[in-house]
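Student: Chains as they are written, first to last, in our numbering: chain A, 438 to 792; chain B, 3 to 343; chain C, 460 to 767.
Straight line, CA to CA, 20 Å or less: simulated PhoX-like cross-link-like pairs of lysine-lysine:
(1) C:K661 to A:K540
(2) A:K518 to C:K661
(3) C:K661 to A:K543
(4) B:K71 to B:K25
(5) A:K538 to C:K661
(6) C:K661 to A:K514
Because the hints were derived from the structure by calculation, they are not lab data.
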Amino acid sequence: MANPQTHAPKDTPVPDEVLIEITDLVKHFPIGGGLSGALAGKNGAVRAVNGVSITIRRGEVIGIAGESGCGKSTTAKLLMKLFEPTSGTIRVDREDLGSLKRKALKRYRRRAQLMFQNPYESLNPRFTIRRALLEPLIIHGIGTPEERMERVMQAMHDVHLRPQESYLDKLPHQLSGGQLQRVVLARALMLEPDILVADEPVSMLDVSVRAGIMNTMRDLAAKRNLTVIYISHDLSLLQYLCNTTAVMYLGRVVEIGPTRKVIQQPKHPYTQALIAAVPVPEPERSQKEVPIQGGVPSAIHIPSGCPFHPRCPHAMDICSKEMPKPVKVNGVQVSCFLYTDDGNPADSQRADLDR
Amino acid sequence: MTKPLLDVQDLHIHYDTDNGVMKAVEGVSFTVGAGHHLGLIGESGCGKTTAGRALMRVMPRNASIPHGKALFKGRDLVQLSEDQMRELRWRELSMVPQASMDSLNPVHRVGRQLVEVLTVRGEFSKRDALERASELFDLVGLSRDRLSHFPHEFSGGMRQRAVIALALALNPDMVIADEPVTALDVIVQRQVLQTFRQLQDRLSLSVIMITHDISVVAETCDEVAVMYAGKIVEWATVQTFFNEPVHPYTLGLQNAYPNLAKPDMELISIEGYPPNLLNPPAGCRFAPRCPFSQERCFAEEPPLVNVGPDHKAACHRADEVDMLREQAKFPATWQQSIENG
Amino acid sequence: MIPSTTVAPVTEAAQPKKHGLLTGALAPIVLVFKRDRSARAGLIIYGVMLIIAIFAPLIAPHNPTAVMEVDGIWQSNKTPGSDYLLGTTNIGRDIFSQLIYGTRPALYVGFTAAISTVVIGTMIGLISGYFGGMVDLFLMRLTDVCFGIPFTPFVIVLVAFLGPNIWNIVLAMSLLFWRDTARVIRSQVLTVRQRPFVQAAKLAGASDARTIFLYVAPNILALSFLYGTLAIGWAILTEASVSFLGFGDPSTVSWGYMLQDAYVSQALGRGAYYWFIPPGITTMLAVMAGFFISRGFEEMLFPRLRGR
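All chains should be built: construct the whole structure from the sequences, respecting the hints.
Tutor: Following this line, the structure appears as structure tokens:
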């Protein structure tokens, strides 16, 4: 069966029904006493997430991009309830995640699944593949043994681990990174979730193997109508898989909108710099100077006002004093003083990307 | 044509393991001209890191070089004694190993580590060494006052640049960089790649860039050698590599890499896995995964031959390349049995 | 329900293979002995000791506590000869028989103390490391207290209260020796707990008990084994020391007891080497065997780069 030419996700219209509502999410990790306390000051904290608000619709495939320390992984973990936020809420189907207890929590754990970054560490080294895949069903007491094995076989078929028999009795250390990540994907699907969070799902795999996994994930997400949240620093991955993209910097969303618009016509100076920096497999393209210097500052001492202002080539006075509110420009939401609500750049200095 | 700085001829590298002899690199030949950057590209396990380390002669105890030459400035690196290699390392040939951001000693200031190399191995006086260390930091784009900082005060990208500075301390002719930007954030990655480009321009530095990412190669290299299962399957200038690839594996690779400037490109992966190098197959090592393989490919290994000016490939069907290139564009061509028993 | 029309029915091959004990959970342990020469040596020594202990009544020519008499004359201080392979003690007991019977207390003590040390230590380490917080705080302070208590005086006090019985010695060891294992297991648990597959289990809804027993414990058991094998050596040595100091079980003839007996009767002064050297050697071998086996496990847990 040839790869069906599915609609490139970046072009599909996003459905209407709201599934996940993240409002003013904040997560600070206080730094304890001792050396790190002394370095950060008594009240030091790693301000990983600083007021993130995102609305995710059912069936949407959204990518969260940004460099290390921007808070995207922490946001994903908050969504999975790996820990609790410092403030702010996450509502799934209008239910506040923070208020879920016991049974309701267990139900949530069925609907929302997480794929970790490191395929080599995502599976219990002592479980065979069969056991690893059966585990979620055993925990939730689903199905008879025959029904369980049927699901396992189906999931393995869907992730292209065939013939299934040759994988069932193997241990994780016997499989390659790509195969392991497929097992992880299959495991995530065992409970028939409707939400899938994938944290850098292919970054630890060879680039030649990534394409296969990305295609599998894309096809499965469409087939099962999953709402997927991809976390990645790799913009080309997000462009391939997502219909919406959000760019985060130091714990805030600086730009969010339809993928094609965000990547092809970036508005926020940080997004522009990020896109300019991605290496492209075309030797003729002129090498652009990176418009910004230095690296991302630590999340302990976040600059005042707009967190990007120290590195921004278009920084104005107001940028160091106030936090820009998100405005809608051409269908994309940007948090930058260079723009005012709908359409017009506030300043003639608006940077344009040479394409 | 001037003599190349590095001329590797028919290099073989074997590992002695519990399960037998693993033929990690078999008959690899390539050249690097003075001031040129060569990209050595391939997936994990293809032998590129092994080859890089072999040139520096820093291999694990169970590795050996049963055959081949590596002529560096006329001298065969394979034949040199350990003492002779030690003289050469860092002074003429140095290496930036994988994940080397973590190879800086955490308890010493970065400047001190640089000065140590300069005074101990380079016979600089303390004062000259400090001056040189400052110059090196300028060269890699780090501010001078960072010399007195400790490694943990540097970010990942800065540490990587510090390690590059260390590799350049004694002005070697060539640097072997193994996955120098893999663990770095995109913007920092760009800064480091630019640094390499600038060094090439300013110092006429030769670099062997070992990586699995063809975009990195597109940004920094002049020539590309593609390795697969211990062999070089294609060698070309960077333009030729991207515009006129010949080997089916290269054709496959180009399909598998997403391109930010081509949002509508459908990615096609190469199904299957590289062969076991303990017992490599008889014919072409790519044959089992190749959509164009024929009987001849499984029986006879294709030699690496010229297929154009400054362009070599190891494929029996190289003369049919136009047709193969056309077919390679379709996902159906690559849709072999995804089932791998 | 997922439509199963696209998938072949679950075939025979898809049924789980029944693993024998040796190929399943214990496989890595068996591998240690296959691979490491010193571990095999240790295993052989214990094997031999075990056989001797089981067949002691058949191997030993006499009762170890019986006084040898020939025509009413006590056979004391006889040097090694054809009648008494290793000679006799100063009151006429056969040293060779004592040596043979001595394997029994060495093995009981060694293995039971090692097992209880490891079981208690591992459980405490697991609970402390996994749950953290107040539980961890409490258990670790308890461990610190145990570290603070010096062993010999503790044994003396215990023996004073409960009597000088060999099982009381084992009890004393079990009450104190778990401290090393607990600390090490706890720090290993802290690491394993962070690994993605453990987090994945919790995210899948696994209960704490399940996570501990199926995910964390199997991945630290090797370390428990390592400490267990180390504990065997220490336990045997400790029993010998305790008996040597005179707090041992007077009704059991252990090697430590033999050493004490020899010391007290000034065997060194009399040059009765045949009395105290053999139990010294056997104790040494028994302790070394434990450490040899632990070397094998250490190699498995922290392998050196294999070169040839």
